[in-house]
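Undergrad: So you can see what is in the structure, the chains are spelled out below.
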Amino acid sequence: MNLLRIWVMFKARNAEFFRDRAAFGWNFLFPFLIVAGFALIFGGDTRDAYKVGVFPWTTATVDRKDAPLPGRLGSARMLRFVGFRTAAEGIETLRHHKIDLLMELDSTGPRYWVTSAPRSHVAEALFHAALQPPECRGAGQEQQIQGAPIRYIDWLFPGILAMNMMFSALWGVGFIIVRYRKNGVLKRLKATPLRAFEYLSAQMLSRIFLLMFTLVIMWIGCDLFFDFNVQGSYIELVIAFGIGGLSLCSLGLVVAARGSSEEFASGIVNFIGWPMMFLSEVWFSLEGAPEWLKHLAEAFPLTHMLRAVRAVMNDGAGFSDIWPELAVLAAMTTVFLLFGSLLFSWNE
Amino acid sequence: MTAASKTPASAILEVRDLVKTYGGMRAVDGVSFAIQEGICFGLLGPNGAGKTTTIEMIEEIIPETSGEIRYRGKSRAPDFNRHIGIQFQQTTLLDFLTVKETLKIFQAFYGIRADIDRLVRLCQLEEILGQYNDRISGGQKQRMLLALALVNDPEIVFLDEPSTGLDPQARRNLWDIVLDIKSSGKTVVLTTHYMEEAQHLCDEVAIMDRGRVIAQGAPDSLVKQHCRGTTVALPRRSLGCHPDRLGRRWRAVGENIAVETDDINAYLRTLMSLQVDLNDVVIHSPNLEDVFLKLTGRKLRD
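From first to last, the protein sequence lines are chains U and S.
Residue numbers 725 to 1072, in our numbering, belong to the letters of the first sequence in order.
Residue numbers 45 to 346, in our numbering, belong to the letters of the second sequence in order.
No lab work stands behind these hints: they were computed from the structure.
A few of these clues could be false.
If you only want the chain U side, here are some residues facing chain S, beta carbon under 10 angstroms, derived [unchecked claim]:
{"#": "1", "residue": "737"}
{"#": "2", "residue": "739"}
{"#": "3", "residue": "918"}
Below are the SDA-like pairs computed for lysine to any residue, each with C-alpha atoms no more than 25 angstroms apart in a straight line [unchecked claim]:
{"#": "4", "chain 1": "S", "residue 1": "185", "chain 2": "U", "residue 2": "984"}
{"#": "5", "chain 1": "S", "residue 1": "268", "chain 2": "S", "residue 2": "329"}
{"#": "6", "chain 1": "U", "residue 1": "914", "chain 2": "S", "residue 2": "329"}
{"#": "7", "chain 1": "S", "residue 1": "148", "chain 2": "U", "residue 2": "822"}
{"#": "8", "chain 1": "U", "residue 1": "906", "chain 2": "S", "residue 2": "268"}
{"#": "9", "chain 1": "U", "residue 1": "906", "chain 2": "S", "residue 2": "210"}
{"#": "10", "chain 1": "U", "residue 1": "735", "chain 2": "S", "residue 2": "148"}
{"#": "11", "chain 1": "S", "residue 1": "268", "chain 2": "S", "residue 2": "254"}
{"#": "12", "chain 1": "U", "residue 1": "822", "chain 2": "S", "residue 2": "96"}
{"#": "13", "chain 1": "U", "residue 1": "735", "chain 2": "S", "residue 2": "164"}
{"#": "14", "chain 1": "S", "residue 1": "148", "chain 2": "U", "residue 2": "744"}
{"#": "15", "chain 1": "U", "residue 1": "914", "chain 2": "S", "residue 2": "268"}
With beta-carbon atoms standing in for the labels, derived distance ranges [what the hints assert, rightly or not]:
{"#": "16", "chain 1": "S", "residue 1": "229", "chain 2": "U", "residue 2": "1023", "range": "51 to 61 angstroms"}
{"#": "17", "chain 1": "U", "residue 1": "731", "chain 2": "S", "residue 2": "342", "range": "46 to 56 angstroms"}
{"#": "18", "chain 1": "S", "residue 1": "176", "chain 2": "U", "residue 2": "1015", "range": "51 to 61 angstroms"}
Every residue gets a Cβ at the ideal spot worked out from N, C-alpha and C, and that includes glycine.
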């Protein structure tokens, strides 16, 4: 092993990343846009709002104060009202699931329409609850959750960063090496004393350096806007992201081990990336999902990385809490590296 | 007998019965040759003849199916790639690096820290050192790839179709550099399907067709051996008499007639005595293209 050769390859790969202005900008802009978009959409009370169509009403927007909404519907949360001139117009919109419930105004016992969609079912329950007499609503005693509340953005943000890291690792390592194999760069490198191990190490180190660099910039940038609430220590956060990033980069090396078809490589990256994105709880929790799906999710490095990161960020977890996840990530890294280097070919 | 079977003591590289099969196809089918140190050796043949496959087996880029490759009389050692320099037919390099950075990185692969000025001068790269390696002209790119092949001061330089796609001026320029490399004592091995290139640069050529070496030797002696005589072509109208009176076998080529002769001086005197205007006469000396045509019935470039 020659450290100088690893170093020059590392520098060359970094130069490529920083000098490709378009891709460089996109690397920052993309996750920022997603986070900003979600903050905008889900930031207020409108999150998961159910749409209730009302008729007859002359304008599309319905001001709760002006509309004669029965019961407590006028002050009900999670509901948004949309106006329709006629019943036919509203029903047509409801049929296409663009609204969740349709109701008639100005009648004492209002007529309403729903579909079989789950959202429609929930809207109907909210509708009924708002029309119930006060004594029925007081059933049960609400308890307070102990501990600081976790804002949705504080839960979502690590997921977005981790997802960005995952795609950046798979494309930046996996796809790039396949492209270099296809256009003959690897063949040229093979003709020099550079060894496969040195080349792959440099690729991986460069990508983890760039991932962490992007992560820090992104974090600082987004923190200015959203003022994140980090319960644990930043050191543990960086370590969890770092080991997670390594495991994702080494998975990229497995993708890149063979083959010179860019189409096939991008297919494989998507085949791995998309299920990982959906099953690793980036967007939604797998609570209540079938057991086999939960087991499958355990096979993805992103799952463990995200669990560790969220534990540190949301719950203030320390090393003693997250070491099992870190150990799994380290084991995955080793296995992927072993596979990737055994399978690697310069020109096949 | 081929040169290889004689095993000259001074051969820097020797190939015996080299075979490469892909599926059932024998891309290289029992090739043998020996290359003397310090010469320019050419593999000449049409596309698909097996030239590139042959030298890539020698370069250890692809494994041979069978056969033997010896460097200085011995099997190639693990550090063989330090003694050779390679210019591939089509190479893309690492993106977003300047020509100078690219040269420096390749130097570092070999652990060399010397400055690159001599290399830059030799390959005339002064003006493009600061440009990205994919934003330069075809001729400039070939010269840069040549510099990369020389970065480790190799004993043998392999050039795979070095001038393909270059305009005539850039090609001449590249040839001059190759001759400079040879004059510095290095052994040059090149593949080409340009007859002129082989004739201009090579001390020895092996003509390849369909995976085999069909002729081998110095270009001049190959021509003498396989294509005796010179072809004289003249327009039929400039001849005042019937071509049969020329006293030799002739053939019609369009409006012209062509005659082959071993003694061009005597034949020109005959034409003058027949009062043929020599301004109209075209004299064609045979070359490697004719050797290939003679041996295979086909042209080098179809």
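Undergrad: All hints, please: hold or fail.
TA: Tested hints:
With a least beta-carbon distance of about 8 angstroms to chain S, the hint placing residue 737 of chain U at the interface is held under the 10 angstroms criterion. A hinted interface residue such as residue 739 of chain U counts as satisfied when its beta carbon comes closer than 10 angstroms to some beta carbon of chain S; here the least separation is about 6 angstroms, so the hint holds. With a least beta-carbon distance of about 5 angstroms to chain S, the hint placing residue 918 of chain U at the interface is held under the 10 angstroms criterion. Proximity of residue 185 of chain S to residue 984 of chain U is assessed by CA-CA distance (about 24 angstroms); at most 25 angstroms being required, the pair is judged to hold.
Under the criterion of a C-alpha separation no larger than 25 angstroms, the hint pairing residue 268 of chain S with residue 329 of chain S is consistent with the structure, at around 10 angstroms. In summary, the hint linking residue 914 of chain U to residue 329 of chain S is not supported, as the alpha carbons are separated by about 44 angstroms, beyond the 25 angstroms threshold. For the hint pairing residue 148 of chain S with residue 822 of chain U, the CA-to-CA distance comes to about 62 angstroms; that exceeds 25 angstroms, so the pair is violated. For the proposed pair residue 906 of chain U and residue 268 of chain S, the alpha carbon gap of about 44 angstroms is over 25 angstroms, so the pair is violated.
In summary, the hint linking residue 906 of chain U to residue 210 of chain S is supported, as the alpha carbons are separated by about 23 angstroms, within the 25 angstroms threshold. Restraint check for residue 735 of chain U and residue 148 of chain S: satisfied, since their Cα atoms lie roughly 12 angstroms apart, inside the 25 angstroms limit. A distance of roughly 24 angstroms separates the Cα atoms of residue 268 of chain S and residue 254 of chain S; the hinted pair therefore holds under the 25 angstroms criterion. With a C-alpha separation of about 63 angstroms, the suggested pair residue 822 of chain U and residue 96 of chain S falls outside the 25 angstroms cut-off, and the hint is violated.
At most 25 angstroms may separate the alpha-carbon atoms for a hinted pair to count; residue 735 of chain U and residue 164 of chain S meet this at roughly 23 angstroms. For the proposed pair residue 148 of chain S and residue 744 of chain U, the alpha carbon gap of about 20 angstroms is at most 25 angstroms, so the pair holds. A hinted pair counts as satisfied when its Cα atoms are at most 25 angstroms apart, and residue 914 of chain U with residue 268 of chain S does not qualify at roughly 41 angstroms. Range check, residue 229 of chain S to residue 1023 of chain U: about 59 angstroms between beta-carbon atoms, so the 51 to 61 angstroms window is met.
Residue 731 of chain U and residue 342 of chain S have their C-beta atoms about 52 angstroms apart, which keeps the hinted 46 to 56 angstroms range intact. A C-beta distance of roughly 54 angstroms is found between residue 176 of chain S and residue 1015 of chain U, which places it inside the suggested range of 51 to 61 angstroms.
Violated hints for the displayed structure, listed by number in ascending order: 6, 7, 8, 12, 15.
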